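First residue of the sequence shown? That's 1 in full-length UniProt numbering, and the numbers climb one at a time after it.
These are computed hints drawn from the structure, not numbers from a lab.
Only a predicted model underlies this, so the values are computations on that prediction, with no experimental measurement involved.
Certain hints may be false.
Taking lysine-lysine pairs in the DSS-like style, the calculated list, with each CA pair at most 27 Å apart, reads [what the hints assert, rightly or not]:
1. Lys184 to Lys254
2. Lys334 to Lys287
3. Lys334 to Lys276
4. Lys334 to Lys271
5. Lys44 to Lys222
6. Lys184 to Lys262
7. Lys254 to Lys222
8. Lys262 to Lys287
9. Lys44 to Lys184
10. Lys276 to Lys222
11. Lys276 to Lys254
12. Lys262 to Lys334
13. Lys271 to Lys316
14. Lys153 to Lys276
15. Lys262 to Lys153
16. Lys153 to Lys254
17. Lys184 to Lys40
18. Lys254 to Lys287
19. Lys184 to Lys222
20. Lys262 to Lys342
21. Lys316 to Lys342
22. Lys262 to Lys222
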Amino acid sequence: MSGQRWITIGLLLGLALLGFALLSPAVFRSREAARQTQSKDNLKQIGLAVLNYHETEGSLPPGGIIREDDTAMQGWMTMILPYVDDTPYFSWLDLNESWQSPRNTFVFGTALPVFLIPGVNARLTASGFGLTCYQGNPNLLYRNSGVTFSQMKNGTAHTWLAGEVTGNFQPWAYPFNWRPLGTKLCAGPASYGYPEWNGGHLLFADGSVSFFSQETSPEILKRFAAAPPIATAEQIATPDQVFQTGPFQLESIKLESDTESKHNYFGRALKNSEAKLLLIQVFYVEKGASTQKTGGPSPQLLLSVDSSTDIAQALKETSMAEDATSEQLAANVKTLQTLQQKMVPN
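All chains should be built: construct the whole structure from the sequences, respecting the hints.
In structure tokens:
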């Protein structure tokens, strides 16, 4: 009797494992299909934002706003932010400051789902900037560009605007988010397409989105790439920079201040895949400031902490020294120093 019971249990377990083996590929395909649909929707949302920008401003957004002294200020994804994201983020930005300015750190350090392919582990750079998995057409989005629909002689439905990229992801705030289409999809980290899907989506200037297999003829991609207008090599030039990306995560840090103070304080800790700390940022938010859109006042960077920062001395030289009691300041120093001990050395 006992032997029969074990045989029955063994058969049931075998059937369960067989069922799992049969279902797993179907579940995987279902998840990938959902991610593919979401990425297509992201591109549609980006396309609608660009169309709305064109209607308001009379042209596409500049690919990158670059000053005469060659300072890179803002990128095209930043400029469409009011049309693509229902948050106060755009109103929090100081567009007179560069994308790397401490005044813009909080917003540009946020990973926005609309700029990411679902399921991609890389969401942030090692320096804490939010990433994008999409890049633009360098003939439409380039240095200080202002391309109009009338310049697209092949028609907006036949002029590609942006697409998913395989790798070499860049911060969405980066003022150089454009890349040549190339002649083959999914052909390495510098190419367009998403290898898990054996192809990728392209957004066209009329707002439509189409999927192209990695087997798409090079001649078709060449025709897309050659669609007018054509920018000059100088206009599409980009810095020789590759960002370190990975499954980095931001965690909140609670900090103390007096209830009667002018500011609230909080921190963010950037961790790598091994949960090791790479960066600590301390922010302050003004109390009682008028709200902007759906949010409150803009968080401002107070202090960036690395493994060599003298936290006690640094905080004494900030507004926190006035906004916190001596006990609260000491508690904040202790909190940050405890985290600092876990940081990867410079």
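Evaluated hints:
no.: 1; hint: Lys184 to Lys254; verdict: violated, 48 Å
no.: 2; hint: Lys334 to Lys287; verdict: holds, 24 Å
no.: 3; hint: Lys334 to Lys276; verdict: holds, 18 Å
no.: 4; hint: Lys334 to Lys271; verdict: holds, 19 Å
no.: 5; hint: Lys44 to Lys222; verdict: holds, 23 Å
no.: 6; hint: Lys184 to Lys262; verdict: violated, 56 Å
no.: 7; hint: Lys254 to Lys222; verdict: violated, 53 Å
no.: 8; hint: Lys262 to Lys287; verdict: holds, 6 Å
no.: 9; hint: Lys44 to Lys184; verdict: holds, 23 Å
no.: 10; hint: Lys276 to Lys222; verdict: violated, 44 Å
no.: 11; hint: Lys276 to Lys254; verdict: holds, 19 Å
no.: 12; hint: Lys262 to Lys334; verdict: holds, 22 Å
no.: 13; hint: Lys271 to Lys316; verdict: holds, 26 Å
no.: 14; hint: Lys153 to Lys276; verdict: violated, 52 Å
no.: 15; hint: Lys262 to Lys153; verdict: violated, 56 Å
no.: 16; hint: Lys153 to Lys254; verdict: violated, 55 Å
no.: 17; hint: Lys184 to Lys40; verdict: holds, 20 Å
no.: 18; hint: Lys254 to Lys287; verdict: holds, 16 Å
no.: 19; hint: Lys184 to Lys222; verdict: holds, 9 Å
no.: 20; hint: Lys262 to Lys342; verdict: violated, 31 Å
no.: 21; hint: Lys316 to Lys342; verdict: holds, 22 Å
no.: 22; hint: Lys262 to Lys222; verdict: violated, 58 Å
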